[in-house]
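Enquirer: Residues per chain, in single letters:
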Amino acid sequence: MGIEIRGVSKNFGDFVALQDIDLSIPSGQLTALLGPSGGGKSTLLRIIAGLESSDSGTIEIEGLDATGLPAQKRNVGFVFQHYAAFKHMTVEKNVAFGLEIRKKPKDEVRRRVAELLELVHLEQFSHRLPSQLSGGQRQRMALARALAIEPSVLLLDEPFGALDAKVRKELREWLRRLHDEVHVTTVFVTHDQEEALEVSDNLVVINEGRIEQIGTPDDLYDRPASEFVLSFLGPVTRLGNTLIRPHDIDITRYEHAATATGRITRWTRVGFEIRLEVTPDDVLHPDPVQVIVTRTEATALQLHEGAQVWLRPRAGAETVVS
Amino acid sequence: MTVDSSSLAPGTARRRRARGTGAPLTRSSGIGLGIALTWFSLLVLIPLCLVVIQSVDGGWTTFRETLTNPQTAAALRLTVTQALIVTVINVVMGTLIAWVLVRDEFWGKRLLEVVIDIPFALPTIVAGLVLLSLYGPDSPLGVNVANTERSVFLALLFVTLPFVVRTVQPVLMELDRDVEEAAASLGASRFTTLRRIILPSLAPAITAGAALSFARGISEYGSLVLLSGNLPLKTEVASVRILTYIENGNEAAAASVATILLLVALAAIVLLQVVSKWVARRG
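Those sequence lines, one after another, are chains V and U.
Add 869 to the 1-based position in the first sequence for our numbering, that's all there is to it.
Add 11 to the 1-based position in the second sequence for our numbering, that's all there is to it.
The following block holds chain V by itself, in its conformation from the complex:
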């Protein structure tokens, strides 16, 4: 159940957007499609919604073959990056649109719209026009509009991409809570790894039209199947002959059995953390190593720019040999 994607391919002219994708998205969960821009994740989402047709392969939504169905008949809720609000309609009318199309009785529509506006905390804005709302409010309206038709799946295409950082963070948490309440199968596309790691139950990493890895956020972060997944889920640096996350490096000013030794050549303070660049003395590995420590650690270790330091992986750190 959920969404079954089998053998889906899509080309735009010479450009291969998706290449033989097989994927099952479990029912009732929040799945993130994560990947760099142009990697094919949005195309996959649009194919699920029926807004784009695939060149080959089949799509099954909740046990029903949807491959040949037009978007109108798939009963899918879709939320766009740029809200796609019906500008000439009030918030209330926007949310009611899908229900009116389905010719529901008037009082049922009114009741349902009121419920949904309460769910997205927009009840006091019901008579406003979309242009009178902030970006975050508009996106919540779009979400209520998509949920109104009681979709079998909810699809969100970079839903927070057009919002500023603070609102994005709020909405992210809010989406997580909303999903815990509503439990509709949800797929959302993002290129922001932090967003994907924080919100989703399942993560699908897509790159260059192929699936790189599928798993829970912890799985992918701790056991990346490839160099690409490791580097996409957070910053990585090369220490010796392995790739490692900069905060997984043990740094000290006293000589010990170390993978590398060198001088601190760059020092960038960002809030509580300090990003260091250590240039190894080893002529075989001359590339600078990135290290992240907290400010407190740096003070305790008496680190400063130009200091000689010894580096090694911390115990239990995840590395990929390359």
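Treat the hints as calculated values from the structure; they're not laboratory data.
One thing to keep in mind: the hints can contain errors.
Claimed, not checked - Taking lysine-lysine and the DSS-like style, the derived pairs with C-alpha atoms no more than 30 angstroms apart in a straight line are:
#, chain 1, residue 1, chain 2, residue 2
1, U, 288, V, 956
2, V, 942, V, 973
3, V, 972, U, 288
Chain V is already provided as a structure; the job is to place chain U on it using the hints.
Expert: Frame of chain V; chain U shown alone:
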């Protein structure tokens, strides 16, 4: 006849009311407003008032007599009905052409873009000549509409073609495709999307184009005089009638006809505004 195009822009009236309460003008905006109003008065307001005053200068009798004159009444009726029919056709065809130009890719699209403006750019008398040679007595197509009502209709159709196309086109280009896709995923058919999402967004542009087209229609002279033959009671239009009155030295009568045209144009603009609002709200 001129149409104040600013009065056609949707929503200006509402905005003016909302902003215009209390706040004193700064010096620069005061000067700006002063210049704008003086300019507007000199060019539009004062001449229009003069025409109206002139029409009732010789007392209401001239006014009444002019209008009850069968020849003038016929000319006014012909002008207004033909302009109305042409406007309705333009609304449909203009929107359709704009749609094709914006949404479809085809060979010769750039050429069509240029050709659309020709009726607009052509001196009207040249348009008249073109029409005469094509649909006149020596028509190579074998279609002769000279000296009939149809000649008026055809000439108006020709010169007013670009108005709706050119007002709708930019609005259509700005329209998000997302919005249509959102409507589709909510279950709306192509037709419902057109009726409830696209048309309400285009309504202000369509009505603005329709108003321009109608105003041009009731005032047209150059393009139709050659083909229509200006037969009294049959193919004579209001503008030709005005010219005849002036040539006969009856300026008050000419002004009376002009006043009527002015009122008809005003009524049309108001009506179109109402329709536009209604369509936009219905969505």
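Enquirer: Now tell me, hint by hint, if it's right for this structure.
Expert: Taking the hints in turn, this is what the structure says about them:
Taking the CA atoms of residue 288/U and residue 956/V, the gap is near 14 angstroms; set against the 30 angstroms cutoff, the hint holds. For the hint pairing residue 942/V with residue 973/V, the CA-to-CA distance comes to about 16 angstroms; that is within 30 angstroms, so the pair holds. Using a Cα cut-off of 30 angstroms, the hinted pair residue 972/V and residue 288/U holds, with the two alpha carbons roughly 25 angstroms apart.
Taken one by one, the earlier hints all hold for this structure without exception.
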